[in-house]
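Residue numbers (the working numbering), protein chains in the order written: chain A, 89 to 422; chain B, 5 to 294; chain C, 219 to 631.
Everything labelled a hint here was simulated from the structure, so no lab data went into it. One should not assume that every hint holds.
[Claimed, not checked] In silico SDA-like links for lysine to any residue, alpha-carbon gap of 20 Å or less: (1) 491/C <-> 135/B; (2) 345/C <-> 363/A; (3) 363/C <-> 239/A; (4) 411/C <-> 123/B; (5) 327/C <-> 115/A; (6) 504/C <-> 120/B; (7) 305/C <-> 370/A; (8) 345/C <-> 167/A; (9) 506/C <-> 120/B; (10) 327/C <-> 248/A; (11) 491/C <-> 118/B; (12) 506/C <-> 119/B; (13) 491/C <-> 7/B; (14) 491/C <-> 133/B; (15) 363/C <-> 164/A; (16) 363/C <-> 370/A; (17) 506/C <-> 93/B; (18) 532/C <-> 620/C; (19) 491/C <-> 464/C; (20) 297/C <-> 574/C; (21) 345/C <-> 248/A; (22) 506/C <-> 127/B; (23) 506/C <-> 133/B; (24) 345/C <-> 363/C; (25) 345/C <-> 238/A; (26) 345/C <-> 321/A; (27) 345/C <-> 234/A; (28) 491/C <-> 138/B; (29) 504/C <-> 123/B; (30) 305/C <-> 362/A; (31) 506/C <-> 60/B; (32) 305/C <-> 363/A; (33) 491/C <-> 154/B; (34) 504/C <-> 533/C; (35) 506/C <-> 124/B; (36) 363/C <-> 222/A; (37) 345/C <-> 257/A; (38) 285/A <-> 117/B; (39) 506/C <-> 117/B.
Quantities reported herein were computed from a predicted structural model and do not represent experimental measurements.
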Amino acid sequence: MKTGNALRSLLPVLVILALIAAVPLFSPSNRFLSLAISAGTNVIALYGLSVLFGQTGILSMGHAALVGVGAYAAAILARDFGVGFWTALPVAALASAVFAMIVGIPSLRVGGHHFVIMTFAFGQLLAIVLTNGGDYTGAATGLDIAGPVTLFGADMSDLTRYYLMVVAFVTAAAVASWAIIHSSYGRTLRAIRENEKLAASLGINVGRHKIGAFVVSGVFAGISGVLLAYFLGHISPSQFSSFPSIYLALMVMIGGARLIEGPLAGGILVAFLPEVLNLDPVQSRIVYGVCLIAVIMLLPDGLIGGIVRALRVAFSGKPKQEAECDGAASEARQ
Amino acid sequence: MDIFIQQILNGLSIASVITLIAIGVTLIFGLTGIINFAHGEFLMIGGIVTWLAVSAGLGFPIAVVLAILAVGLMGYILERGLFRFTLERPTNGFIVSLGLIVVLQHVVVLFWNPNQKSIPRPLTTVWEVGGVRIASVRVMVILITIAVVALSFRMITASRYGRALRASVEDRDTAALMGIPVRRYITGVFVLGSALAGLGGALLIALFPITPFTGGTMVMKGFAVALIGGLGNIYGAVAAGLILGIVEGFSAGYGFSQWTDAYSFVLMILVLIVRPHGLFGGTSGPRMAS
Amino acid sequence: MIWSREDLKLKTVLKLAASAALCLGAFAHPAFAEDNIVKIGVVAAESGSFVSAGHTLPAGVGLAVKQINDAGGFKVGGKTYKLEMVKRDDRTDIATAIAATQELVRDVKVQAIFGSETHDFTLAMAKITQPAKIIHFAGNSTLAKILNPDSVKPGGEDHYLFQSEPQEFQRSGSTARGVLSLLEPLLGFKPKKSVMIVGNDATGQFLSSYYYKALKAEGQDVPDIIFYPPDTTDFSPFLTRAKSLNPDIIHFWYNGDSTLTALPQALELGAAKSYFLFGVDPGIWKEKQLSADVPVAMSCVPVCWGESSNPKAKAYFDAYFAAGAPHGVTSSVSLLYHDYVHFLVEAWQKADSFDPDKTVEALLSLHHQGVVSDDLTFNPTHQVTHATEVCAAAPGGAISCAMQQPPAEAPKS
Numbered sequence: 089m090k091t092g093n094a095l096r097s098l099l100p101v102l103v104i105l106a107l108i109a110a111v112p113l114f115s116p117s118n119r120f121l122s123l124a125i126s127a128g129t130n131v132i133a134l135y136g137l138s139v140l141f142g143q144t145g146i147l148s149m150g151h152a153a154l155v156g157v158g159a160y161a162a163a164i165l166a167r168d169f170g171v172g173f174w175t176a177l178p179v180a181a182l183a184s185a186v187f188a189m190i191v192g193i194p195s196l197r198v199g200g201h202h203f204v205i206m207t208f209a210f211g212q213l214l215a216i217v218l219t220n221g222g223d224y225t226g227a228a229t230g231l232d233i234a235g236p237v238t239l240f241g242a243d244m245s246d247l248t249r250y251y252l253m254v255v256a257f258v259t260a261a262a263v264a265s266w267a268i269i270h271s272s273y274g275r276t277l278r279a280i281r282e283n284e285k286l287a288a289s290l291g292i293n294v295g296r297h298k299i300g301a302f303v304v305s306g307v308f309a310g311i312s313g314v315l316l317a318y319f320l321g322h323i324s325p326s327q328f329s330s331f332p333s334i335y336l337a338l339m340v341m342i343g344g345a346r347l348i349e350g351p352l353a354g355g356i357l358v359a360f361l362p363e364v365l366n367l368d369p370v371q372s373r374i375v376y377g378v379c380l381i382a383v384i385m386l387l388p389d390g391l392i393g394g395i396v397r398a399l400r401v402a403f404s405g406k407p408k409q410e411a412e413c414d415g416a417a418s419e420a421r422q
Numbered sequence: 005m006d007i008f009i010q011q012i013l014n015g016l017s018i019a020s021v022i023t024l025i026a027i028g029v030t031l032i033f034g035l036t037g038i039i040n041f042a043h044g045e046f047l048m049i050g051g052i053v054t055w056l057a058v059s060a061g062l063g064f065p066i067a068v069v070l071a072i073l074a075v076g077l078m079g080y081i082l083e084r085g086l087f088r089f090t091l092e093r094p095t096n097g098f099i100v101s102l103g104l105i106v107v108l109q110h111v112v113v114l115f116w117n118p119n120q121k122s123i124p125r126p127l128t129t130v131w132e133v134g135g136v137r138i139a140s141v142r143v144m145v146i147l148i149t150i151a152v153v154a155l156s157f158r159m160i161t162a163s164r165y166g167r168a169l170r171a172s173v174e175d176r177d178t179a180a181l182m183g184i185p186v187r188r189y190i191t192g193v194f195v196l197g198s199a200l201a202g203l204g205g206a207l208l209i210a211l212f213p214i215t216p217f218t219g220g221t222m223v224m225k226g227f228a229v230a231l232i233g234g235l236g237n238i239y240g241a242v243a244a245g246l247i248l249g250i251v252e253g254f255s256a257g258y259g260f261s262q263w264t265d266a267y268s269f270v271l272m273i274l275v276l277i278v279r280p281h282g283l284f285g286g287t288s289g290p291r292m293a294s
Numbered sequence: 219m220i221w222s223r224e225d226l227k228l229k230t231v232l233k234l235a236a237s238a239a240l241c242l243g244a245f246a247h248p249a250f251a252e253d254n255i256v257k258i259g260v261v262a263a264e265s266g267s268f269v270s271a272g273h274t275l276p277a278g279v280g281l282a283v284k285q286i287n288d289a290g291g292f293k294v295g296g297k298t299y300k301l302e303m304v305k306r307d308d309r310t311d312i313a314t315a316i317a318a319t320q321e322l323v324r325d326v327k328v329q330a331i332f333g334s335e336t337h338d339f340t341l342a343m344a345k346i347t348q349p350a351k352i353i354h355f356a357g358n359s360t361l362a363k364i365l366n367p368d369s370v371k372p373g374g375e376d377h378y379l380f381q382s383e384p385q386e387f388q389r390s391g392s393t394a395r396g397v398l399s400l401l402e403p404l405l406g407f408k409p410k411k412s413v414m415i416v417g418n419d420a421t422g423q424f425l426s427s428y429y430y431k432a433l434k435a436e437g438q439d440v441p442d443i444i445f446y447p448p449d450t451t452d453f454s455p456f457l458t459r460a461k462s463l464n465p466d467i468i469h470f471w472y473n474g475d476s477t478l479t480a481l482p483q484a485l486e487l488g489a490a491k492s493y494f495l496f497g498v499d500p501g502i503w504k505e506k507q508l509s510a511d512v513p514v515a516m517s518c519v520p521v522c523w524g525e526s527s528n529p530k531a532k533a534y535f536d537a538y539f540a541a542g543a544p545h546g547v548t549s550s551v552s553l554l555y556h557d558y559v560h561f562l563v564e565a566w567q568k569a570d571s572f573d574p575d576k577t578v579e580a581l582l583s584l585h586h587q588g589v590v591s592d593d594l595t596f597n598p599t600h601q602v603t604h605a606t607e608v609c610a611a612a613p614g615g616a617i618s619c620a621m622q623q624p625p626a627e628a629p630k631s
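Bound-form chain A, shown alone (with noise of 0.2 Å):
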């Protein structure tokens, strides 16, 4: 029966993607092919910030400079040892795995909100560095990616074939999450979530367990830096600062961090409410922070919580305080 209920809940999504794979027959614009490729690479790092923050409960603000060490290692593996796209996103993952794990391991040994500025100011950090680093990291000026990406020898330049490209990635990086939240590994971390000194005196290593969890969504943020670098073919170190970083920690926010849809749906509506809204810059960005503090305050399971919970209300025929202990069941088995 578990598995039956698991595997239920990777179908919403799964239905999700293929209605998004299915887009290019209704002949869209290339601004939205191209729009929505860049917050498919979202979504990627989103993933991983789901893990971290969603299941472990730890808040990062330095997110986008893990995005940043994939891409640049991406960028320097093609200049500098003529490394191709296949062949770059294990090793920018494993870049950033490894910058995860030189960031995580001082950071961890502060408590809560600290880390958070810890991770800000890491990020921070990077950014410089990246400006002062000279010809290697291309200053301020940054770092160009040449070479197209090939699959099976098919050219995936053409928007329509890279957007399908990011597609199958984003899958990939759904059902990654999902089996992460649906193994014993997802329980333990879920475990350190709901208390710490509980855990620890189950016997679970609650260090080593978060810098996993930091680690792990850094290989998620590696494969979305690849995957950004190429699609770009230029990345400037203002890309990856702290205002992108505080932007990827609102959409897991927003789009809600536990569920799996949240990602999904977090990168979809930041990346196009601009779009459908057509609002003044100003004043879309306005709509937008006001709209950021009412779904915190008031959903603060993000939009999708908010959505199921409201459909299991509409739908259970039950009173409302039986649906959302259901709905607090379910949620407490993820």
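Starting from the structure of chain A, add chains B and C where the hints point.
Quick look at chains B and C alone, frame taken from chain A:
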């Protein structure tokens, strides 16, 4: 030699601005547990109010008072209306403050453009003492900062309210059981911190032009200083502000100028690793009996 | 129950997703060609942190488009055409810039693209415009990094890319000469020592390396280049450090806003005997009612507003501001785009075709009379050469300007 003294003065001036921000942060973060990253924007609003008042013809002193009142009021409204509900989950308060940053910045941009705004210097004399140039306006900022620090210090440590406040930080539930109106104190501290930010903004625009985005860059340093000094520890914030101000001044003046920003981050990370409660000891935020 | 709660949830999700997909699919904009309208695209920062430079692009291009259309359009292949500007805001975000470029190139199908002033965006945009054979103009001297004989030749990866700003060694050279020659009479002696204070971002790093060489080539002793973090507000430590070197001139490079923040502090500290402000137009000097007790030189990119020795500049800026553009620190950047709209139209007329290859040939062979210069022409690596205007304000306030011709060769390093 006069260059050296000049750099020390520069460092003091930088330190005073950072300290004003840090005091507000250390009070709010340390005593209420609310991480208000929008503190920099409070500063910016204080500066904007000052700019509006001065542009309307009111003198600088009146403008400062208006700034303090305006931001203090804003703090009251935000605490009662928003942050109050996040006390149980400070991370949410943090995210809310991020949303606030965006809203405050862009509301200002909406009504007044994103360009630089400045006011004529309230004091224009520059004293020259043996090759060292001392701008009277910077001395004014330093003196006001000292006065503010002394006042806050007295309030938090010496007075009855201060003791009650520190009790609430130690153990919120027990303090409440003892009859201390904890919620009201939290509001009070938040308003005080906000008023300080308003004052800081007024002094800031007296020194430099500001843009709607100025707050964002200063707040990180304020947090760094508050954490280095120890949360809730005013004396710590001042000392840490001095240290950071001098370090930044000297690194810019004698060292690798392009790394100037990095020093505050590195220092903060080092201090947090070695002494998580800050150099001079502080709280790690209020604890609830749980 | 036939439908379990989970299944109902699934169904609802399916419906939501399907409608979402259809909505998003509606983003499809079939490109339609109207008779006799030629579309040109502009990608620039109309919001976000680069707005002060970015907003000048659509303003400058828009003015040129209006001028051409008001004059009746232009003839190619026997037909008369008018221009339509399609502008997109990149929100100072590279992903949006890319998406906008994709849209303009593939959906709207423009014939040419102008932008952006943010050079790393331009580099990324070029990767889209060039394979699609879209003529692309950008006013970033940093393009020199990718424009070389190999890349611009027919079939090369940047064959359709043009740099509408002079090569940096030329612009720096003109500026250095102009600054020194204008400040000398105001100082009363020949300046010998210069210190540079530069913002530590991409533009600052790039420009300062050239300006340093230009100053040395003019015989200046430059003991230090001081880089400051881009969002610095308190410049006193940097200025004191400069002061300790006893400079005759302190050169503030980039950006305009930071420079204006730093200048009062410099004056307060008495950091140097004179100053140079890169990218601050006399118009801003006058509007903000700035004044100094020492001589201050200013340079414009490329011609000044508010005061200018270039006779066409006044008419241009009058029209530019009359069309609604705000008075900005970098309003003159608009000229890097305005003249090239006219230039491009002239090339189309000469080639009598919109074919990209023929247009490139025409562009390379023409001498265009623009506002910026009477003789605008592209060299073999697709870069222009023209004078830069430098002005100086005497302590009393009187401003004088002069166009400074660039050096013929890059200084030996």
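Query raised in the report: Which of the listed hints are broken here?
Result: 2, 3, 4, 11, 16, 17, 23, 33, 37, 38
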